[in-house]
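In case you want the letters, here they are:
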Amino acid sequence: MMPTSKSARSTLRTMQFCSVMAVLYIGLIFVLPVNHATMQHYNLSALEYRIATAAIALPTIAVWFAAFWGYAKLREYSQAIAKTAEGPHFAKLGIGCIWLAWSLPLTSIVSSVLNGIGNRWQGFHPSAIIITNYVALIIPLIAFVIIGLAARDMLGKSRLNLDIPTARLTMVLFLAGGLLYCFLVFRSLDLTSLGSTHNSYFLPAWLMIVSVIIPYLYAWCIGLLAAYEIMVFSVNTPGLLYRRALLYLVTGLVAVILSSIALQYINSVVPRNGELLLNYRLLLTLAVRVVSGIGFLTLAIGASRLKKIEEV
Amino acid sequence: MSSRAAHASVYDQVVLITHSYLGPAANRFIARQVTNHLHKAPGDLSPADLLNLTDWIRVAVSLLTEDSNIVEEYIAELQKLALSYEKRKR
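Sequence order for the protein chains is A and B. The first sequence maps to residues 367 to 678 in this note's numbering. The second sequence maps to residues 1335 to 1424 in this note's numbering.
In case anyone wonders, no lab produced these hints; they're calculated from the structure. Fair warning: there could be bad hints in the mix.
[What the hints assert, rightly or not] Far from chain B, some chain A residues (derived; all Cβ distances over 12 Å):
| id | residue |
| --- | --- |
| 1 | 391 |
| 2 | 416 |
| 3 | 490 |
| 4 | 511 |
| 5 | 515 |
| 6 | 521 |
[Unchecked claim] Straight-line Cα separation of at most 30 Å, BS3-like style, residue types lysine-lysine; simulated pairs:
| id | chain 1 | residue 1 | chain 2 | residue 2 |
| --- | --- | --- | --- | --- |
| 7 | A | 372 | B | 1374 |
| 8 | B | 1414 | B | 1374 |
| 9 | A | 449 | B | 1421 |
| 10 | A | 523 | A | 458 |
As the structure is a prediction and not an experimental result, all values here were calculated from the model. Using N, Cα and C, we set each Cβ at its ideal position, and we do this for glycine too.
Bound-form chain A, shown alone (with noise of 0.2 Å):
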């Protein structure tokens, strides 16, 4: 087993890495070009909206700390079970988590630097729009893949078959809520050129098809899927309490894996301006990324149980 300091200075150094993310976002709202025409609506001074824009920025930033704190939770599990037979499947889940909880504070800062750029040089602001939406699709759909791979094997591993019943139902919501989502994104889209880049994601409706619809609801079916078979292990797992601790883990990633489906649906249907909105959709995004925030507490919390197991 790895000594307990080892492990600890790993997790000091994962949020000391937060830390640098946290106040580098936070300089960036202060340093970088404000939107004119949001201060204009708002009525408020560049100072004012700065400020404005860090508070609203505070919630999501506690939930970066729990992310970085449930991944490193989830780590030291992994390394203290390294060399045992499931040591490797937590490994490939830890790995999974490291993307998700990279994804937040990546994803901001890039859309915070690029929406600068955009409101400094009006002709970058569709350049902005496009890449901060491919970064958001891009990072989880790598976690989704890592953590679904695991799940697949920690199911292979238990001999466990998924209860069909229970299969189909996922698959039919995930089509239910694919269907309204390819609906919901067609409205932005002007159908009647596929060429046409007049609409909210700057990009032409078969560009969008191809590398921005189809990855999504490939990314969302593998994360539910991934959710499913982890909840299917962990509900089949003997050893009750190890099965208890290992719920609070599954609760927190399945918790995760939703908000961060939830997260993505909502910013690709009503797709980002660059501008600070206080509308529906920031309360919205704000109140799934408290709940991203909870899962990777829970996340936490069944982790260091389960290596309390290694341990005592």
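On the provided structure of chain A, position chain B as indicated by the hints.
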């Protein structure tokens, strides 16, 4: 106790009981208790060590859960195993 369990080593039987509580971590948990507290290799665990081991397990499991019912149920199963060896000895 099944005939298969009756022929298993003391260590295997303790792990078998523990598996119901600690699942995949059972083997590692018992190996640690034997090595750290009884200062023996897990394979050298003898029936004479069972009561001493049970005391250490009670302490360790109490650190994992506040549910005293589970702890007592687990310990009772281990004590039953120790008692079965005592009877065989007589």
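A quick look at each hint next to the structure:
1. With a closest Cβ-Cβ approach of about 39 Å to chain B, residue 391 of chain A is found to remain outside the 12 Å limit, as its non-interface label requires.
2. For residue 416 of chain A, the non-interface assignment is confirmed: its Cβ lies about 48 Å from the closest Cβ of chain B, beyond the 12 Å cut-off.
3. Once the 12 Å rule is applied to beta carbons, residue 490 of chain A is consistent with being away from chain B; the minimum gap is 53 Å.
4. The non-interface label for residue 511 of chain A is consistent with chain B: the shortest C-beta to C-beta separation is roughly 25 Å, beyond 12 Å.
5. With a minimum CB-CB distance of about 20 Å to chain B, residue 515 of chain A clears the 12 Å threshold, and the non-interface call stands.
6. Every C-beta of chain B lies more than 12 Å from that of residue 521 of chain A, the closest at about 14 Å, which supports listing it as non-interface.
7. The suggested pairing of residue 372 of chain A with residue 1374 of chain B holds, with an alpha-carbon distance near 27 Å, which does not exceed 30 Å.
8. Under the criterion of a C-alpha separation no larger than 30 Å, the hint pairing residue 1414 of chain B with residue 1374 of chain B is consistent with the structure, at around 22 Å.
9. Taking the CA atoms of residue 449 of chain A and residue 1421 of chain B, the gap is near 39 Å; set against the 30 Å cutoff, the hint is violated.
10. Between residue 523 of chain A and residue 458 of chain A the alpha-carbon distance is near 14 Å, which keeps this suggested pair within the 30 Å criterion.
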